[in-house]
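Enquirer: Use these hints to put chain H onto chain C, whose structure you have.
Protein sequences, first through last, are from chains C and H. Just so we're aligned: 34 in our numbering is position 34 of the first sequence, and the numbers increase by one with no gaps anywhere. Just so we're aligned: 65 in our numbering is position 65 of the second sequence, and the numbers increase by one with no gaps anywhere.
Bear in mind the hints are in silico, worked out from the structure with no lab data behind them. Keep in mind that the hints are not guaranteed to be accurate.
Derived Cβ-Cβ restraints for the label pairs, each shown as a range [unchecked claim]:
| no. | chain 1 | residue 1 | chain 2 | residue 2 | range |
| --- | --- | --- | --- | --- | --- |
| 1 | H | Gln65 | C | Gln77 | 48 to 54 Å |
| 2 | C | Lys86 | H | Ser143 | 28 to 34 Å |
| 3 | H | Leu79 | C | Asn68 | 53 to 59 Å |
| 4 | H | Val90 | C | Gly30 | 35 to 41 Å |
| 5 | H | Pro57 | C | Glu78 | 51 to 57 Å |
Pairs of lysine to aspartate or glutamate residues, derived as EDC-like cross-links and limited to a Cα-Cα distance of at most 16 Å, are as follows [unchecked claim]:
| no. | chain 1 | residue 1 | chain 2 | residue 2 |
| --- | --- | --- | --- | --- |
| 6 | H | Lys41 | H | Asp97 |
| 7 | H | Lys156 | H | Glu182 |
| 8 | H | Lys260 | C | Glu25 |
| 9 | C | Lys47 | C | Glu25 |
| 10 | H | Lys158 | H | Glu173 |
| 11 | C | Lys66 | C | Glu44 |
| 12 | C | Lys86 | H | Glu250 |
| 13 | C | Lys47 | H | Glu250 |
| 14 | C | Lys66 | C | Glu55 |
| 15 | H | Lys249 | C | Glu90 |
| 16 | C | Lys56 | H | Glu250 |
| 17 | C | Lys95 | H | Glu275 |
| 18 | H | Lys249 | C | Glu65 |
| 19 | C | Lys47 | H | Glu259 |
| 20 | H | Lys249 | C | Asp82 |
| 21 | H | Lys39 | H | Asp114 |
| 22 | H | Lys249 | C | Glu25 |
| 23 | C | Lys86 | H | Glu242 |
| 24 | C | Lys66 | C | Asp52 |
| 25 | H | Lys75 | H | Glu51 |
| 26 | H | Lys249 | C | Asp52 |
| 27 | C | Lys56 | H | Glu242 |
| 28 | H | Lys156 | H | Glu189 |
| 29 | C | Lys24 | H | Glu274 |
From the three backbone atoms N, C-alpha and C, an ideal C-beta is built for every residue, glycine too.
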Amino acid sequence: MNEVYSKKEYVTVEDGVDFRTIAKEVTLNGFPMNHATARNIVFEGIKTIASDLYEKNTSSVPSEEKLNEIVNSRYFQESLPDFLFKICEESLAKKKTEPKL
Amino acid sequence: MILQTETSQSNKTSSLSEKSIAEITDKKTLKQETVSNLKEKTIDLFIKMSELDQLTPKPARQIEQLRNQIIVSNKELVLHIVNKEYSKRVPQNVVPDLYQEGMLGMIKAISRFDVTRGVAFSTYAVIWIRQYVNTFLLTQTYSVRTPSNLVTLYGKIKRATEDLRVKFGREPEIKEIASFIEKPTRMVELAIYAVNTQSTSSLDEIHNQSQSGTNDSGVNLYNSLDADELEGVTAETTIDSENNYLLFKESFNTLSTREKLLIMIRYGVVSSTEEYFAIFGRDQ
Chain C
1 MNEVYSKKEY VTVEDGVDFR TIAKEVTLNG FPMNHATARN IVFEGIKTIA
51 SDLYEKNTSS VPSEEKLNEI VNSRYFQESL PDFLFKICEE SLAKKKTEPK
101 L
Chain H
1 MILQTETSQS NKTSSLSEKS IAEITDKKTL KQETVSNLKE KTIDLFIKMS
51 ELDQLTPKPA RQIEQLRNQI IVSNKELVLH IVNKEYSKRV PQNVVPDLYQ
101 EGMLGMIKAI SRFDVTRGVA FSTYAVIWIR QYVNTFLLTQ TYSVRTPSNL
151 VTLYGKIKRA TEDLRVKFGR EPEIKEIASF IEKPTRMVEL AIYAVNTQST
201 SSLDEIHNQS QSGTNDSGVN LYNSLDADEL EGVTAETTID SENNYLLFKE
251 SFNTLSTREK LLIMIRYGVV SSTEEYFAIF GRDQ
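Isolated chain C (complex conformation) (with noise of 0.2 Å):
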């Protein structure tokens, strides 16, 4: 049953939303798009990351097998919330600092 699913690109999260909804929430706001494209969108964005993340630490391009292996590791998937969060409060405490004009 897990091998089957491991197969499969999706990505499982507790706290996220789901592709549709996504869709939803941006196409009013700006950026019309169905579902497939919000999770097209969001996969390649991950391998953007990945692969970009492969190259600065071993100045090499990943093959296509490999950064599905990254995207799909449980380390990437569980790092890439918390760096997520961590940015968002980076990016708070900035605006916090920044003097008001």
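Expert: This is chain H only, laid out in the frame that chain C set:
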């Protein structure tokens, strides 16, 4: 004289027993009558409800009232099933939850009951009530949720293990169990693993207690976890994770606004587009 009193006493007891038997039979017949009345009443309500359901436009309020009437008149059925079949198997604080689940099962049965089949409603509802209560017991009673199909499979595995142990005179292997219940070996392994991980233990629970009988207090789970974590954390790993973060941030900033926004929403970091722009600004 003594004989006379004995005979009078025996007469009294026989008359008493006859009286009590008559009372019991009266009660039984009364109960049967009320049950049959209830069945007829329920069927009448269902017929009325189906008649109203065919009208256009549908009188939603009247249908709702009839449905509520059926629920109220049949709630004793749920109480009876839960009290008779489940109340002794579960802790007392769970029983009210089982009533609630049973009621949900009955509501489901009402929505799916077909009067034209000629079956009493209680016969059909019992299945749904048991189904809901069983599902609740399988999925909600443990702090770690396990899929109900795996718990059901585990029950089959246990029964099969007992049968095979008797048959072979030894502990059966997983392959043998799998072929006996006609399921893949992987599923059997998964079910055993899933059910065995349901048990939880307190962080304050003391383990690794000395067996020598001395007064050593042992180490609780919390302390051991803490120690293990501290062992792994060194200055090197901290710098490593900081470096990783900086590299990640650089890569993340190369993405377009649209990609960043969608990833942030997907991972639950922001809940809406407005929130994203409030944090990161519109001009990036």
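Enquirer: Quick one: are Leu79/H and Asn68/C within 53 to 59 Å, going by C-beta?
Expert: 55 Å, holds
Enquirer: Could you grab the alpha-carbon distance between Lys249/H and Glu65/C and see if it respects the 16 Å cut-off?
Expert: Given pair Lys249/H, Glu65/C is violated - Cα atoms ~24 Å apart, limit 16 Å.
Enquirer: Does the hinted range 35 to 41 Å hold for Val90/H and Gly30/C at CB?
Expert: 53 Å, violated
Enquirer: Given the hint that Lys249/H pairs with Asp82/C, test it: the Cα-Cα distance must not exceed 16 Å.
Expert: 12 Å, holds
Enquirer: Within 16 Å, alpha carbon to alpha carbon, are Lys86/C and Glu242/H?
Expert: 11 Å, holds
Enquirer: When you check the alpha-carbon spacing of Lys249/H and Glu25/C, does it fall within 16 Å?
Expert: 25 Å, violated
Enquirer: Would you mind confirming whether the straight-line C-alpha gap from Lys249/H to Asp52/C stays at or under 16 Å?
Expert: 11 Å, holds
Enquirer: Mind checking the alpha carbons of Lys66/C and Glu44/C for me, to see if they're no more than 16 Å apart?
Expert: Holds, because 15 Å separates the two Cα atoms, which is no more than 16 Å.
Enquirer: Sort out whether Glu250/H lies within 16 Å of Lys56/C, counting only the CA atoms.
Expert: 10 Å, holds
Enquirer: Decide if the proposed pair is consistent with the structure: Lys66/C and Asp52/C, CA atoms, cutoff 16 Å inclusive.
Expert: Measuring from Cα to Cα gives roughly 13 Å; hence the hint holds.
Enquirer: Is it true that the CA of Lys56/C sits at most 16 Å from the CA of Glu242/H?
Expert: OK: Lys56/C and Glu242/H at ~15 Å, within 16 Å.
Enquirer: Regarding the pair Lys86/C and Glu250/H, is the alpha-carbon distance no greater than 16 Å?
Expert: 13 Å, holds
Violated hints, listed in ascending order, are 4, 6, 9, 18, 22, 25; each of the other numbered hints is respected by the structure.
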